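Colleague: Throw the hints in and build the complete structure from the sequences for me.
Here are the chains, one letter per residue:
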Amino acid sequence: MPTIAGPSLSPHKRIVAARSENTGCPRSAEDITPRKRKLRSDSAAAVPTPIKRKSPRRCALMAEVEEEPNGMLETQFDCLDGKSKWNPRDDDQMKAVKEALHVSTAPSTVVCREDEQRRALEFVKGCMEQNKAGSLYICGCPGTGKSLSMEKLRLQAEDWAKQEGLPCLETVSVNCMSLTKTTDIFSKVRPCAIQIPPSSWLIIADEMDYLITRDRRVLHELFMLTTLPLSRCILIGVANAIDLADRFLPKLKSLNCKPLVVTFRAYSMQQIVRILQERLVELPYVAFQPKALELCARKVSAASGDMRKALSVCRSALEILETEVKGSTDEEPQIPVPEDQMVKMDHMVAALAKTFKSPVVDTIQSLPQHQQIIVCSAAKAFRGSKKDRTTAELNNLYMEICKSSMITPAGITEFTNMCTVLNDQGILKLSQARNDKLKRVSLRVDEADITFALKEIRFFRNCLL
Amino acid sequence: MKSFSRQILTMGNENPAEKALNLIRGRLCDPTFVFRPLSASSDSNYSKLKFIVSTSVTEGCNNSILLLGPRGSGKAAVLDLVVGDLMEEYPDSVTLISLNGLLHSEDNCAFKEIARQLCMEHHLLFSKMASFDENSQFIIAMLRECGLAHKTIIFVLDEFDMFAQASYSRGKQRLLYSLLDAMQSVTSQAVVVGISSRLDADQLLEKRVRSRFSHRKILFLPPSREEIDSLLEHLLSLPADSSFPSGYVSQFNEKIKNITSDTRFKDMLKTFLNANSTVNSLLKFIFRAVSSMNLESGLLSLENFKTALSSMQRQPKLEAVRADCSILELYLLVCMRRLEVKEQSSYNFISVMKEYKTIHDSFQTSDFYAQNVCLRAFEHLREREVICYAENRGQSQAGEYRSMKLLISASELHQGMRSHACCPAILLKLLDH
Numbered sequence: 001m002p003t004i005a006g007p008s009l010s011p012h013k014r015i016v017a018a019r020s021e022n023t024g025c026p027r028s029a030e031d032i033t034p035r036k037r038k039l040r041s042d043s044a045a046a047v048p049t050p051i052k053r054k055s056p057r058r059c060a061l062m063a064e065v066e067e068e069p070n071g072m073l074e075t076q077f078d079c080l081d082g083k084s085k086w087n088p089r090d091d092d093q094m095k096a097v098k099e100a101l102h103v104s105t106a107p108s109t110v111v112c113r114e115d116e117q118r119r120a121l122e123f124v125k126g127c128m129e130q131n132k133a134g135s136l137y138i139c140g141c142p143g144t145g146k147s148l149s150m151e152k153l154r155l156q157a158e159d160w161a162k163q164e165g166l167p168c169l170e171t172v173s174v175n176c177m178s179l180t181k182t183t184d185i186f187s188k189v190r191p192c193a194i195q196i197p198p199s200s201w202l203i204i205a206d207e208m209d210y211l212i213t214r215d216r217r218v219l220h221e222l223f224m225l226t227t228l229p230l231s232r233c234i235l236i237g238v239a240n241a242i243d244l245a246d247r248f249l250p251k252l253k254s255l256n257c258k259p260l261v262v263t264f265r266a267y268s269m270q271q272i273v274r275i276l277q278e279r280l281v282e283l284p285y286v287a288f289q290p291k292a293l294e295l296c297a298r299k300v301s302a303a304s305g306d307m308r309k310a311l312s313v314c315r316s317a318l319e320i321l322e323t324e325v326k327g328s329t330d331e332e333p334q335i336p337v338p339e340d341q342m343v344k345m346d347h348m349v350a351a352l353a354k355t356f357k358s359p360v361v362d363t364i365q366s367l368p369q370h371q372q373i374i375v376c377s378a379a380k381a382f383r384g385s386k387k388d389r390t391t392a393e394l395n396n397l398y399m400e401i402c403k404s405s406m407i408t409p410a411g412i413t414e415f416t417n418m419c420t421v422l423n424d425q426g427i428l429k430l431s432q433a434r435n436d437k438l439k440r441v442s443l444r445v446d447e448a449d450i451t452f453a454l455k456e457i458r459f460f461r462n463c464l465l
Numbered sequence: 001m002k003s004f005s006r007q008i009l010t011m012g013n014e015n016p017a018e019k020a021l022n023l024i025r026g027r028l029c030d031p032t033f034v035f036r037p038l039s040a041s042s043d044s045n046y047s048k049l050k051f052i053v054s055t056s057v058t059e060g061c062n063n064s065i066l067l068l069g070p071r072g073s074g075k076a077a078v079l080d081l082v083v084g085d086l087m088e089e090y091p092d093s094v095t096l097i098s099l100n101g102l103l104h105s106e107d108n109c110a111f112k113e114i115a116r117q118l119c120m121e122h123h124l125l126f127s128k129m130a131s132f133d134e135n136s137q138f139i140i141a142m143l144r145e146c147g148l149a150h151k152t153i154i155f156v157l158d159e160f161d162m163f164a165q166a167s168y169s170r171g172k173q174r175l176l177y178s179l180l181d182a183m184q185s186v187t188s189q190a191v192v193v194g195i196s197s198r199l200d201a202d203q204l205l206e207k208r209v210r211s212r213f214s215h216r217k218i219l220f221l222p223p224s225r226e227e228i229d230s231l232l233e234h235l236l237s238l239p240a241d242s243s244f245p246s247g248y249v250s251q252f253n254e255k256i257k258n259i260t261s262d263t264r265f266k267d268m269l270k271t272f273l274n275a276n277s278t279v280n281s282l283l284k285f286i287f288r289a290v291s292s293m294n295l296e297s298g299l300l301s302l303e304n305f306k307t308a309l310s311s312m313q314r315q316p317k318l319e320a321v322r323a324d325c326s327i328l329e330l331y332l333l334v335c336m337r338r339l340e341v342k343e344q345s346s347y348n349f350i351s352v353m354k355e356y357k358t359i360h361d362s363f364q365t366s367d368f369y370a371q372n373v374c375l376r377a378f379e380h381l382r383e384r385e386v387i388c389y390a391e392n393r394g395q396s397q398a399g400e401y402r403s404m405k406l407l408i409s410a411s412e413l414h415q416g417m418r419s420h421a422c423c424p425a426i427l428l429k430l431l432d433h
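First to last, the protein sequences are chains W and E. Residue numbering for the first sequence follows the UniProt record's numbering, starting at 1 and increasing by one per position. Residue numbering for the second sequence follows the UniProt record's numbering, starting at 1 and increasing by one per position.
I should point out that these hints are in silico values taken from the structure, not numbers from a laboratory. The model shown is predicted, which means the values in this text are computed figures rather than measured ones. Watch out, some of these pointers could steer you wrong.
Result set (DSS-like, lysine-lysine): computed pairs, CA atoms no more than 25 Å apart in a straight line [unchecked claim]:
1) W:95 to E:207
2) E:266 to W:403
3) E:48 to W:98
4) W:125 to W:188
5) E:266 to W:181
Modeller: Laid out in structure tokens, this is it:
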């Protein structure tokens with residue numbers, strides 16, 4: 001079982017103590033769970049749970065996620081009732097919820113990444129104990145907790161070194177995006193290299209793919225720091241590409257210093273729900289309906305599994321609730337705060353629509369008529385295999401459509417202007433050409449989007465048949 | 001004209017019509033005045049934007065937002081309104097840093113500009129010799145300081161898509177990454193507002209940068225008919241204060257009401273909006289109409305709007321044909337068109353003359369001129385850019401042998417000829433075949 005020696009646990013102990021007095025959850029729950037936990041850890045749990053329990057409520061939450069028998073569920077509902085009602089009109093409370101869900105608020109423990117953190121920490125510990133060098137490559141999509149985990153890892157490794165009485169671990173954390181030249185990274189790690197007495201040093205290189213140059217010299221040299229004799233450098237590289245090591249560093253394989261790869265997979269629905277609940281559990285009130293959180297997690301995990309997006313959607317839903325609540329106060333301040341005001345499904349649905357909807361359909365629907373005709377004629381023109389045409393050809397099509405509906409077509413100058421406006425907006429794509437009429441036009445938007453946007457108007461519907 | 005009216009002013013007897021004109025024109029050029037009533041409703045883009053930015057200012061949570069919409073729809077104007085209001089409400093708590101994608105898309109340039117503006121805001125000395133590293137360290141330090149002092153920095157990135165597409169950064173998008181990454185840290189208190197006319201501006205971002213962007217978008221759509229009506233009233237009604245003679249004010253406003261409720265005006269407005277429906281183009285239209293106001297009567301009329309519309313929807317080549325061409329030139333144009341219709345890919349003056357002769361022979365027209373006269377007519381058409389040489393090569397050849405092409409489309413030619421003062425009927429018939 002991992003021993004997560006985190007320095008940040010002490011403030012939470014105080015909160016836990018305070019809350020257990022507040023909520024008045026039956027203490028017996030705590031007695032029941034340790035035994036159950038041991039059973040769970042015997043079977044191959046998909047998500048290993050940390051030993052350190054924060055509160056009876058948290059274990060109840062995890063119970064909900066892992067489908068415990070009914071006994072636990074009852075306890076969980078008791079705990080939920082125990083929380084006070086949230087008043088969204090109170091600015092402080094709203095602010096607290098928003099802060100809990102902000103991306104910049106680093107959570108105290110990184111949940112759902114225990115496995116990856118454990119592997120990385122074991123690797124680092126192994127290197128430090130045996131006084132040798134090593135390299136580790138962390139990869140994964142953006143928003144999967146890589147940088148966050150590495151920060152925690154750094155602190156844990158430093159603490160562990162202190163505990164074990166090993167010489168102090170020097171760490172350097174570099175974001176390769178901020179380097180002017182790729183070779184600057186060496187000047188940043190130089191202070192660590194020169195130490196007497198020599199001790200292990202840890203380099204964390206974030207966004208490592210920015211060090212890739214055509215001859216890959218910098219990247220090779222960085223990894224080769226670990227192969228030098230008497231080197232005690234532990235290099236951790238973080239990037240998005242899964243096969244960076246294979247693609248860009250074939251030489252390393254021959255030198256036998258291929259880095260260990262730890263992949264941070266995109267979050268699944270359960271993981272996102274768990275992380276969100278973890279952030280919200282410290283608040284003394286319930287701000288989100290559980291089903292709303294589940295919906296958000298489902299949608300985000302299906303799209304990208306990016307945690308930042310999930311947090312952004314939740315905050316957006318909070319803001320929708322806030323405007324709703326504030327709007328009603330402006331009209332009639334006498335109405336008391338309705339019970340159970342929290343972020344519900346419809347707020348979450350609206351927030352998801354706002355985040356995931358593309359503005360193309362709305363824009364096409366609100367274009368002026370002539371521009372809509374141009375878009376429609378472009379949709380018709382590019383149906384077949386031909387993917388681009390000249391402005392003059394498009395103009396002919398445009399005039400045909402105008403004639404068929406008795407609308408006076410705009411002149412060629414006006415037409416070219418309108419095409420330029422549509423190009424600016426990203427609906428059409430105009431190439432450069434000396435002569436206005438010879439510019440090549442192609443469509444940037446899906447034809448399906450255009451058909452959907454214009455389906456209300458019968459004229460366009462018939463036109464696009 | 002200006003000094004004359006100043007003289008009248010000193011005499012205390014300024015023409016009220018001129019005053020009204022100046023007032024209205026001043027209003028049309030002031031985006032704050034124009035967009036203030038559009039922002040009054042709680043559902044408008046102004047309120048949405050203000051809500052997001054003000055929560056960042058008051059609560060210290062970082063945010064990023066993108067304003068999208070066609071050019072001239074008021075994105076920068078509404079942002080200016082919001083920032084102006086916030087600066088009044090929370091003095092000394094808001095710092096504004098503006099960057100433009102056309103000028104500052106290169107990273108070094110952008111960081112330098114940010115450092116320079118920060119120095120100006122906080123009365124520090126800025127050194128032009130500072131390197132990129134120094135600038136970026138300064139910016140990070142300033143962000144931290146402002147975060148501690150609870151001052152919000154609002155970064156406005158105009159032409160946001162240019163920042164994402166900068167070719168010399170080789171796809172690095174370093175500035176965007178640094179700014180949006182700073183939003184993720186708890187020490188800084190800032191808002192990043194991007195303004196772009198490209199609807200897919202956030203798709204242009206690299207996936208790392210896009211993950212850090214908070215996906216909030218505010219779409220600026222063209223105003224609805226009710227909004228346009230109320231906007232017209234707001235812009236064109238004179239205020240009932242003492243600087244204008246009271247009878248004049250009520251007369252003026254009455255006339256405006258009559259015009260705007262006239263169906264002809266509504267049709268005209270509809271024709272105009274069918275081509276271009278942004279607020280900016282509407283303002284230009286009204287400006288031209290108001291500028292052609294009759295200063296004697298001091299009142300606007302429907303004619304003003306008609307002239308404005310026709311001046312905005314010009315077809316220069318059509319006018320060249322209609323107003324300027326002689327009959328011989330029309331003949332030449334018709335011949336060229338007929339050659340085009342006959343699928344002759346390239347033709348020159350000699351072939352046009354042949355066609356001209358053929359027409360003369362078959363229809364016995366009275367207008368048959370000698371070659372040198374026709375050549376002069378040809379040159380005149382070329383000067384007016386109704387026709388031109390098809391290629392730039394072969395400049396050593398004599399003008400008669402170089403291939404030519406028409407710069408005017410068939411329909412425009414047709415329209416121009418029909419509205420010509422004395423175009424012979426036979427020409428129209430020839431054009432149709």
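Colleague: Each hint should be assessed against the structure and marked as holding or not.
Modeller: Each hint, compared with the structure:
1. Among the hinted pairs, residue 95 of chain W with residue 207 of chain E is inconsistent with the structure: their alpha-carbon atoms are about 29 Å apart, more than 25 Å.
2. With a CA separation close to 23 Å, the supplied pair residue 266 of chain E and residue 403 of chain W stays within the 25 Å bound.
3. A threshold of 25 Å between alpha carbons decides the hint, and for residue 48 of chain E with residue 98 of chain W the separation of about 17 Å falls inside it, so the pair holds.
4. In summary, the hint linking residue 125 of chain W to residue 188 of chain W is supported, as the alpha carbons are separated by about 23 Å, within the 25 Å threshold.
5. Proposed proximity of residue 266 of chain E and residue 181 of chain W is contradicted: the alpha carbons are some 62 Å apart, above 25 Å.
The structure fails to meet hints 1 and 5 from the earlier list, while all remaining hints are met.
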